[in-house]
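Enquirer: One-letter residues, chain by chain:
4 protein chains.
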Amino acid sequence: MKKIKVGVAGYGVIGQRLADGVALQGDMELVGVADVAPTLSVKALKEKGMPYKFFTAAPERQAELEAAGIPVSGDLDDLVRQSDIMLDATSAGVGAKNKLLYEKYGKKAIFQGGEKNTVADVFFHGYANYEKGVGADFLKLTSCNTTGLIRAVDCLDRAVGVEKVAITIIRRVADPGDYHRGLTNALQIDKAPSHQALDLMTIMPHVEATGILVHTPVTHGHIITVVLTPKKDISVAEALMYFDGHPRIRLVSIDEGFQGNASLFRYARDLGNPRGDMYEIAIWRDSIVKSGRDIMFAINIPQEAVVIPENIDAIRASMKMQLTRDEGTAETNTYLGIGKWKIS
Amino acid sequence: MKKIKVGVAGYGVIGQRLADGVALQGDMELVGVADVAPTLSVKALKEKGMPYKFFTAAPERQAELEAAGIPVSGDLDDLVRQSDIMLDATSAGVGAKNKLLYEKYGKKAIFQGGEKNTVADVFFHGYANYEKGVGADFLKLTSCNTTGLIRAVDCLDRAVGVEKVAITIIRRVADPGDYHRGLTNALQIDKAPSHQALDLMTIMPHVEATGILVHTPVTHGHIITVVLTPKKDISVAEALMYFDGHPRIRLVSIDEGFQGNASLFRYARDLGNPRGDMYEIAIWRDSIVKSGRDIMFAINIPQEAVVIPENIDAIRASMKMQLTRDEGTAETNTYLGIGKWKIS
Amino acid sequence: MKKIKVGVAGYGVIGQRLADGVALQGDMELVGVADVAPTLSVKALKEKGMPYKFFTAAPERQAELEAAGIPVSGDLDDLVRQSDIMLDATSAGVGAKNKLLYEKYGKKAIFQGGEKNTVADVFFHGYANYEKGVGADFLKLTSCNTTGLIRAVDCLDRAVGVEKVAITIIRRVADPGDYHRGLTNALQIDKAPSHQALDLMTIMPHVEATGILVHTPVTHGHIITVVLTPKKDISVAEALMYFDGHPRIRLVSIDEGFQGNASLFRYARDLGNPRGDMYEIAIWRDSIVKSGRDIMFAINIPQEAVVIPENIDAIRASMKMQLTRDEGTAETNTYLGIGKWKIS
Amino acid sequence: MKKIKVGVAGYGVIGQRLADGVALQGDMELVGVADVAPTLSVKALKEKGMPYKFFTAAPERQAELEAAGIPVSGDLDDLVRQSDIMLDATSAGVGAKNKLLYEKYGKKAIFQGGEKNTVADVFFHGYANYEKGVGADFLKLTSCNTTGLIRAVDCLDRAVGVEKVAITIIRRVADPGDYHRGLTNALQIDKAPSHQALDLMTIMPHVEATGILVHTPVTHGHIITVVLTPKKDISVAEALMYFDGHPRIRLVSIDEGFQGNASLFRYARDLGNPRGDMYEIAIWRDSIVKSGRDIMFAINIPQEAVVIPENIDAIRASMKMQLTRDEGTAETNTYLGIGKWKIS
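Top to bottom, those sequences are chains E, C, S and D.
Residue 344 is where the first sequence ends in full-length UniProt numbering, and the numbering goes up by one at each step.
Residue 344 is where the second sequence ends in full-length UniProt numbering, and the numbering goes up by one at each step.
Residue 344 is where the third sequence ends in full-length UniProt numbering, and the numbering goes up by one at each step.
Residue 344 is where the fourth sequence ends in full-length UniProt numbering, and the numbering goes up by one at each step.
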């Protein structure tokens, strides 16, 4: 079988992980990655011995790349030409500009949550609306919080139906290593409703959603609390059963030692995952409570890696590699090693 | 009129503020404060020139107090004897022991949220169940989060009735100056339901409540999001109107510059309040959203000072200074200067 | 005696405290404060009942001030005209622009550390070079770290002479309430030598200085470690004696409970100081160690308030209110209540 | 050649990394690791498929291990019996107790910095005193800060001689994932001199050392500033040359993007190192400054992994695998892949 050729534009926090994820897919070939300058991530690529080809997205800064000794395999045009589909993980707003290039060469592309919805034909989530993405030329992924949240909501929705959700996003404000943003000893609130609630309604229009987002000065994962009104009354045990059946959801508990987002960050490092990443969201067993018919629970979102599987799903949908949600996500999961674990 | 004589046991974060609050009441007299050692707070009392008399709660440590030059007006027994009622703000568990002393001298007492409910005859909140406290000998106050939360829930409950609430407590993990506890770059989750939800149901048994608590590494105020199901559908404007009418609730907005808990902490300092404290909770206008009949909003809880007014209310109730909620809380508010402000 | 009329331009973190400090001086009159918009600090001024007159520095934004209900006593020109001398605490760079206005009306002015040295005739420190400022029209104060550092270095320099210093500044990265800057779980290093070392050499040209600055994610005070080579060998006890004799230096110890910058922040709040501020730097007794002739010690810098006394000194020097360092600083200290304390 | 059999007691932050480091040595065999309970690290070992054998150090808690499904290969006695030498990475104080067991079976052991010096025959550092450890039965390693610090000081000492050092340790207060310790918005100072300065003098008795330690609320690496008086005056360029020649020192710069400790943490993750670890200390090129003959510079200490190489060195010395510092450390470096990099 001919492998699908994938290029990655933007080699930052998300771009690096997308490249690693694609490289693990047996039916895909990573053509290379592109960025504009010899950032620390690009320097690390060099120190590792260039496992991926590097293309420059800013040929006018060639001198900087040479000074840093980065081998360059061509420019962004070259990468696009050599690829069947592009994963665009550039800074918000750049994707819309890059789209012109993708169109010029007649290539498909997947954009990230930071871009405007109008950049894409389909606002995509691997589990919630895979079929909408099948064959589409331009897909936009949901952001990290929304991606993780929808996994859980879609899971219960398919099981018993969901009427409405009210979410509180306790957002990590920066990634490890970020110096361009941060909060010090402060919680910061955004105007409600949060965009994640609105985005959930775009992807799952039959669910009513609202929410409040509060930024917190930490780097290792968002925590979302969800107050969810199911269409049919379910017990905590049933909810656990449904979540347990989802390959991209881990059930964890405080008693096991998972005291918060930092426990999960450490656990993933101890697992030896590349970069200490985790693709799965976690739901705390001992967070699940009921109030009337409503069910309330807390999710951990590993913001750096959580969107990688749904991005791979998007390639599968767009390139018609698999035509259904179950087949597409299963293939992604297999290659990423998702679902093999069983903590307790 | 004879002033009610009040003693304060425990001169830490809460005890200091209780003393300041009592000293402001025109119909009360602060007999003095007691603590076990020359802590920094006691040293600050001395540097200020001993505005309050100090009684030692650990006569065996007299030498330490002398070494620090703290003038001692007697021991805890003396303080209790000279007082009509004691505000006990000692560390959790000590209050139960002190109660024996209060009983010995036939004095009433008010305990804080850290004590077990069994220490008191009444679990008290100035606005939610003032009348229950009238004439009672031993009252226990709700904790800081519960105190602030109940203000808001009781406010809507009296207006339109409340069926149920699901809360997310984004808890500040330490007070400014704390070195004995703290989190670094981590969110920590507690087993659900949070005790604040259970406590709310004890005070307001007709409301169903549940909740999840997440500790965050900040010091300037908790933020609580509330998903509240009113008995009667109300608009956001109506909710604003009800909140605006409550003397111990400030309505603030992000547009004004109140970006989070730290803005409120700074604002209170800029006001010149003693210790930069704020007695009122704040509710963000731009956090209030609806989902079906449910109404969702975010509260800021200034944890160091929020319980002071309800403690003063408790004295009024216990000593039968005022017999009704409206009269008792109004008197407290007047002396504390609550309700004079009008930001926008 | 006719009081010196002082205006304050910029009503932020520093401007508010300058206004409070001037208001305490028996021989000065605070004409008023100016700012460009109804910030939270200006709203707090209003909620306090306008103890100071407010002048607008941006008449074109008059509508915003009216909407916020801020009484306006005139514009910045009016304030300058009514003042004998201006304290300029505007954002870095604005002072240079304002200087044209001060020159237009023939008024003197004091600028803060953020401005370029060229804005002023004299780079000023109340203790290190008071006499240089006497009669000067435009003075620039040292920044908060440099101001505190020079107090300690000048203290030893006058006692025994100082040859050189090597400093490590552990810098708080934001003030309480700041949302426009911050670090999350990261230390950040600046290129060496730090500007504070260079500034020290400008003020004290006979001392050789170098240093490294590291930003840390906290808000309650910088800590500076100093490795100081005195001209004459002194013991730790002698150093303590010299520091103890300086009115603007507090000696504290870990054993007393001063575990770090946050202890001092809390202590100042407990003292009931306006805004919980502290004018004095603190030096930890138990941080002072020797290595050969070198003496090493750690200073706490309360960044919000530390420069206030030296600013008042600058007014005294510039206006020739006192002609010598000892007289000028003593007068400032008396009115600010500095030096009355004695912790241990 | 027969491989040296190594056991690891304690499978926490350090123990895990020691096990990984030993497993990479071509001339050593990792017999297995021991711990007392199914901690998250042990659960991660299981999820990875048990690459290392697990021995229980608390047979009485066997039921917990079984409940967690951890395959157990024996108890701590078994591990000791099967090993030639033990790396003891248990909690401080436990090592002294374990020593009895090692003596019982006539096995050598390496202890970590948390144990008392008396537990060992030699207080060891791979570069500073390798030869002292040759053939010794019980060695104690320096702590993470001291290990990294000594690398740099020893490097200059061998080149030009070092007379004295004054250090400021800006200490990260917790490791990623720690919930049992932490600071929130506070710097905390220890009594001077810091133990690291004293330890340096124990290892390098010809150098005079003192220092101050300040805890900061971050998790990704300590930063130490060093004021070092060399015996012979050297230029910054010479210092750079000496540091550059040391295999376990990386020279980095702010201009490259290394803005602080978090940049290095991220860089190591991007490198794909196991757990995102880094064995090398980093020295910022642009932190090196001079004051008279003194040279000042800043070091980054990656606290989780920095001591691993020196621990491996200790095995080599104790087991007489190599008899000299140069041969021993070179072998360790080769197997750990240290010194292959060249960032700029």
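In short, the hints are calculated from the structure, not lab data.
Watch out, some of these pointers could steer you wrong.
[As the list claims (entries may be wrong)] Straight-line Cα separation of at most 20 Å, SDA-like style, residue types lysine to any residue; simulated pairs:
{"id": "1", "chain 1": "E", "residue 1": "K46", "chain 2": "D", "residue 2": "H180"}
{"id": "2", "chain 1": "S", "residue 1": "K46", "chain 2": "C", "residue 2": "D178"}
{"id": "3", "chain 1": "C", "residue 1": "K290", "chain 2": "E", "residue 2": "R293"}
{"id": "4", "chain 1": "D", "residue 1": "K46", "chain 2": "E", "residue 2": "L271"}
{"id": "5", "chain 1": "D", "residue 1": "K48", "chain 2": "E", "residue 2": "K232"}
{"id": "6", "chain 1": "S", "residue 1": "K290", "chain 2": "D", "residue 2": "R293"}
{"id": "7", "chain 1": "C", "residue 1": "K191", "chain 2": "E", "residue 2": "V236"}
{"id": "8", "chain 1": "D", "residue 1": "K191", "chain 2": "C", "residue 2": "I254"}
{"id": "9", "chain 1": "E", "residue 1": "K231", "chain 2": "C", "residue 2": "T334"}
{"id": "10", "chain 1": "C", "residue 1": "K191", "chain 2": "D", "residue 2": "Y179"}
{"id": "11", "chain 1": "S", "residue 1": "K48", "chain 2": "C", "residue 2": "T334"}
{"id": "12", "chain 1": "C", "residue 1": "K340", "chain 2": "S", "residue 2": "K290"}
{"id": "13", "chain 1": "C", "residue 1": "K340", "chain 2": "S", "residue 2": "P51"}
{"id": "14", "chain 1": "S", "residue 1": "K164", "chain 2": "D", "residue 2": "G292"}
{"id": "15", "chain 1": "S", "residue 1": "K164", "chain 2": "D", "residue 2": "G257"}
{"id": "16", "chain 1": "C", "residue 1": "K340", "chain 2": "S", "residue 2": "T202"}
{"id": "17", "chain 1": "C", "residue 1": "K191", "chain 2": "D", "residue 2": "H180"}
{"id": "18", "chain 1": "E", "residue 1": "K340", "chain 2": "D", "residue 2": "R293"}
{"id": "19", "chain 1": "E", "residue 1": "K290", "chain 2": "C", "residue 2": "T334"}
{"id": "20", "chain 1": "E", "residue 1": "K191", "chain 2": "C", "residue 2": "R81"}
{"id": "21", "chain 1": "E", "residue 1": "K290", "chain 2": "C", "residue 2": "D178"}
{"id": "22", "chain 1": "C", "residue 1": "K164", "chain 2": "E", "residue 2": "G257"}
{"id": "23", "chain 1": "E", "residue 1": "K232", "chain 2": "C", "residue 2": "R293"}
{"id": "24", "chain 1": "C", "residue 1": "K191", "chain 2": "E", "residue 2": "G339"}
{"id": "25", "chain 1": "D", "residue 1": "K191", "chain 2": "C", "residue 2": "T334"}
{"id": "26", "chain 1": "E", "residue 1": "K164", "chain 2": "C", "residue 2": "E163"}
{"id": "27", "chain 1": "D", "residue 1": "K290", "chain 2": "S", "residue 2": "G292"}
{"id": "28", "chain 1": "D", "residue 1": "K290", "chain 2": "S", "residue 2": "T202"}
[Unchecked claim] Stretches of chain S that chain E covers, calculated by requiring three or more beta carbons in the stretch to come under 8 Å of a beta carbon on chain E:
{"id": "29", "segment": "184-192"}
{"id": "30", "segment": "210-221"}
{"id": "31", "segment": "251-259"}
Where is the CB? At the ideal position from N, CA and C, for every residue including glycine.
Enquirer: Taking the earlier hints as the rules, which of them does this structure contradict?
Expert: Violated: hints 1, 2, 5, 8, 9, 12, 15, 16, 18, 19, 20, 21, 22, 24, 25, 31.
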